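Undergrad: Chain by chain, the residues run as shown.
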Amino acid sequence: MAAEFARSGGLQSRKRGPIEDFKRAFTGLRRDETIAGYLFLAPNFIGFIIFMLFPICFAFYIMLTDWSLANDPQFIGLKNFQTMVNDRLFWKSLGNSFYYTFVAVPTGIFIAFWLALALNRKMRGIIFFRTVYFLPQITLTVAAATIWRWIYQPEIGMINHMLELVGIDGPKWIHDTKWAMPSVIIMSNWQGIGFAMLILLAGLQGIPEEYYEAASIDGASGWQRMRYVTLPMLSPAIFFVVVTSLIGAFQSFDQFYVLTEGGPAHATTPLTLYIFQSAFSFFKMGYGAALAAVLFVIILIITIIQWQLAQRWVFGFEADE
Amino acid sequence: MTTASARKGGLLGQKQTKMLMDLLVYVVLSVVGVIFIMPFAWMVANSFKDIRGIYTYPPTFIPEVWRFENYTEAWTLTHFDLGFLNSAIVAAAVVLGQLFTASLAGYAFARLRFPGRDKIFLLYISLMMVPFTVLLIPLYVQMRAFGWVSTLQAVIIPFLFTPWGTFMMRQFMVTIPRELEDAARIDGCGFFRTYWLIILPLTKPALATLAIFTFVNTWNSFQWPLIVLGKPKVKTLPLLLASFQNQSGMRTPWHLIMAAATFIVIPVLIAFVVGQKYYVRGIVTSGIKGGG
Numbered sequence: 001m002a003a004e005f006a007r008s009g010g011l012q013s014r015k016r017g018p019i020e021d022f023k024r025a026f027t028g029l030r031r032d033e034t035i036a037g038y039l040f041l042a043p044n045f046i047g048f049i050i051f052m053l054f055p056i057c058f059a060f061y062i063m064l065t066d067w068s069l070a071n072d073p074q075f076i077g078l079k080n081f082q083t084m085v086n087d088r089l090f091w092k093s094l095g096n097s098f099y100y101t102f103v104a105v106p107t108g109i110f111i112a113f114w115l116a117l118a119l120n121r122k123m124r125g126i127i128f129f130r131t132v133y134f135l136p137q138i139t140l141t142v143a144a145a146t147i148w149r150w151i152y153q154p155e156i157g158m159i160n161h162m163l164e165l166v167g168i169d170g171p172k173w174i175h176d177t178k179w180a181m182p183s184v185i186i187m188s189n190w191q192g193i194g195f196a197m198l199i200l201l202a203g204l205q206g207i208p209e210e211y212y213e214a215a216s217i218d219g220a221s222g223w224q225r226m227r228y229v230t231l232p233m234l235s236p237a238i239f240f241v242v243v244t245s246l247i248g249a250f251q252s253f254d255q256f257y258v259l260t261e262g263g264p265a266h267a268t269t270p271l272t273l274y275i276f277q278s279a280f281s282f283f284k285m286g287y288g289a290a291l292a293a294v295l296f297v298i299i300l301i302i303t304i305i306q307w308q309l310a311q312r313w314v315f316g317f318e319a320d321e
Numbered sequence: 322m323t324t325a326s327a328r329k330g331g332l333l334g335q336k337q338t339k340m341l342m343d344l345l346v347y348v349v350l351s352v353v354g355v356i357f358i359m360p361f362a363w364m365v366a367n368s369f370k371d372i373r374g375i376y377t378y379p380p381t382f383i384p385e386v387w388r389f390e391n392y393t394e395a396w397t398l399t400h401f402d403l404g405f406l407n408s409a410i411v412a413a414a415v416v417l418g419q420l421f422t423a424s425l426a427g428y429a430f431a432r433l434r435f436p437g438r439d440k441i442f443l444l445y446i447s448l449m450m451v452p453f454t455v456l457l458i459p460l461y462v463q464m465r466a467f468g469w470v471s472t473l474q475a476v477i478i479p480f481l482f483t484p485w486g487t488f489m490m491r492q493f494m495v496t497i498p499r500e501l502e503d504a505a506r507i508d509g510c511g512f513f514r515t516y517w518l519i520i521l522p523l524t525k526p527a528l529a530t531l532a533i534f535t536f537v538n539t540w541n542s543f544q545w546p547l548i549v550l551g552k553p554k555v556k557t558l559p560l561l562l563a564s565f566q567n568q569s570g571m572r573t574p575w576h577l578i579m580a581a582a583t584f585i586v587i588p589v590l591i592a593f594v595v596g597q598k599y600y601v602r603g604i605v606t607s608g609i610k611g612g613g
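From first to last, the protein sequence lines are chains G and D. Residue numbers for the first sequence, in the working numbering: 1 to 321. Residue numbers for the second sequence, in the working numbering: 322 to 613.
It should be emphasised that the hints constitute simulated quantities derived from the structure, not laboratory data. Take the hints with a grain of salt, since some may be wrong.
Derived coverage of chain D by chain G (criterion: at least 3 residues anywhere in the stretch with Cβ under 8 Å from a Cβ of chain G; other residues may be distant) [to be verified]:
#1 373–379
#2 388–398
#3 494–506
#4 516–524
#5 540–552
Take a look, some chain G residues computed to stay more than 12 Å from chain D by CB distance [claimed, not checked]:
#6 Asp-32
#7 Met-84
#8 Phe-102
#9 Gly-125
#10 Trp-179
#11 Pro-208
#12 Thr-230
#13 Leu-291
Everything numeric in this text was worked out from a predicted model, so none of it was measured. Where a beta carbon is used, it is the ideal one built from N, C-alpha and C, also for glycine.
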């Protein structure tokens, strides 16, 4: 009640109704600015509505239909989701997405962390190494996957040749159901590590030198400095990298399409590839959209968890300073 | 363990420990560096081999017979000239378009006051996290309705605006001191002229970052072109490279594929080396922003 009062009467000079606000924006000196504002925003906003907002809303309708594009969409309610429950391939691809994501992301970040630590040392030529580690990141995935597809060839590939030199009989890599996913993960990490490394490196460079000095004076060993200075100070960067990488990994498509084509025996078909196949190989638009909704929910959950945790963390960080 | 290593550090003296560590780090970094470079080196080396060299076992790194024709052959065999042209048109159009729309809207969000501004901005931020995979199907249906399937419009026009880039522009422009514009405004400069003459020149670093990001992403883009560009005439380079390996007859012509991969990768590598500073900054700043 008190708040209501304050809003209606107490803060009269500041609070106006939205319509009044709107009118005011078009009168006097403010008029030009308002018009300019809308005009400046227009090209962007129109594109945003036509090519983003509208398709998102449209997707909600498509997922409730049976639609092959050849005929008109048939509204079938939630039937696509019922089909999904009994679709072996759906569960397989969902499992593959999780397998890929939760192996590739931790291993990649683990390696990136050690590389970032090494690159954070004050030594000559460090920028050269940074550039080298980053090169695969900007190489198009299609080309990278093409190169690796050949490197992985069991008979003529480079990896098995090198393994042979040290007396190991290499697996069939992308042609083996067990090894296909690890093959994709290795290639993806080779390509993607530069991103994680760069953000962690920036995080490391943001840690004040004095913290380490203070820790050293207190007699902290190398491991203790890592445990009590580096890791806590780096946690926001690590957290950011983990979340972005998880979201990115769930959306990976190119390497699966080019390197393994989802095979052998669907061993490397993630959700994204299954969505693509459903919609554009089998022309089941409705089912594809329903599958995409599942992917969206997964990413939404990760994002919400991130928001929750980030707020706690950002707060902790401010209190520190 | 910890006390032992600490004592050891004491025995050797700080300087020696640091030198030893540096040496160790160099060795590790170099080994890892070789692993990172190897696939590229392998690609380039094999792009000069003939088909016999490709299938010899054990493989040699340096080609026994140097075959420079691979490049011209790969080029003509897959109509890469057309692919290059398509890729270049798309990348140029998308980069210029995004720079324009994102900087204009960024300026409006950062500086101009108008009703609904903050609500629209919030909408932008919240839709930034929608994965593109969700848009694939409805956007394809839309392209069909527009009659844009297998035209370059389909890979250009929907990408002329960018929530992420707009967000970045806005964040950058907010930090520009207001006094500069105020002076221009008092001198009778209109909003567009202020934006064009005062704000844009000061926004160069952010513009460069956005341009390089967009260029790399567009040049490398695969999934959407794969869906929407069916006709050979409009195919971009990644599509050509991918379809090249699928038309394998008896033996996959890896030497030609590697030659093709080499000249597709090179423009991006050049863009990166030229604009490394801005690219790196883009990643780092979007990192610090905490990810929308």
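Undergrad: If we take the beta carbon of G:Asp-32, is the closest beta carbon in chain D still more than 12 Å away?
TA: violated (7 Å)
Undergrad: In terms of beta carbon proximity below 8 Å, does the segment 494–506 of chain D have 3 or more residues touching chain G?
TA: violated (count 0)
Undergrad: Three residues or more, CB to CB closer than 8 Å: is that satisfied between the segment 540–552 of chain D and chain G?
TA: Contact hint for the segment 540–552 of chain D vs chain G: holds, 6 residues under 8 Å.
Undergrad: Run the C-beta distances from G:Met-84 to all of chain D and say if the shortest one exceeds 12 Å.
TA: It holds; G:Met-84 is separated from chain D by about 15 Å at its closest Cβ, greater than 12 Å.
Undergrad: Closest CB-CB distance from G:Phe-102 to chain D, is it above 12 Å?
TA: Given a closest Cβ separation of 18 Å, the condition holds.
Undergrad: Would the non-interface assignment of G:Thr-230 survive a Cβ cutoff of 12 Å against chain D?
TA: holds (15 Å)
Undergrad: Hey, is G:Trp-179 genuinely clear of chain D, shortest beta carbon separation above 12 Å?
TA: Correct as stated: the minimum Cβ-Cβ distance to chain D is 18 Å, above 12 Å.
Undergrad: For the segment 388–398 of chain D, count the residues whose Cβ lies under 8 Å from any Cβ of chain G; is that count three or more?
TA: violated (count 0)
Undergrad: Check the non-interface label on G:Pro-208: least C-beta distance to chain D beyond 12 Å or not.
TA: holds (16 Å)
Undergrad: When I compare C-beta atoms, does the segment 373–379 of chain D have three or more residues closer than 8 Å to chain G?
TA: holds (count 4)
Undergrad: Is it correct that the beta-carbon of G:Gly-125 has no partner in chain D closer than or equal to 12 Å?
TA: violated (8 Å)
Undergrad: Has the segment 516–524 of chain D got at least three residues whose CB is nearer than 8 Å to a CB belonging to chain G?
TA: Answer violated; 1 residues pass the 8 Å Cβ test.
Comparing the model with each numbered hint stated earlier shows that hints 2, 3, 4, 6, 9 and 13 do not hold.
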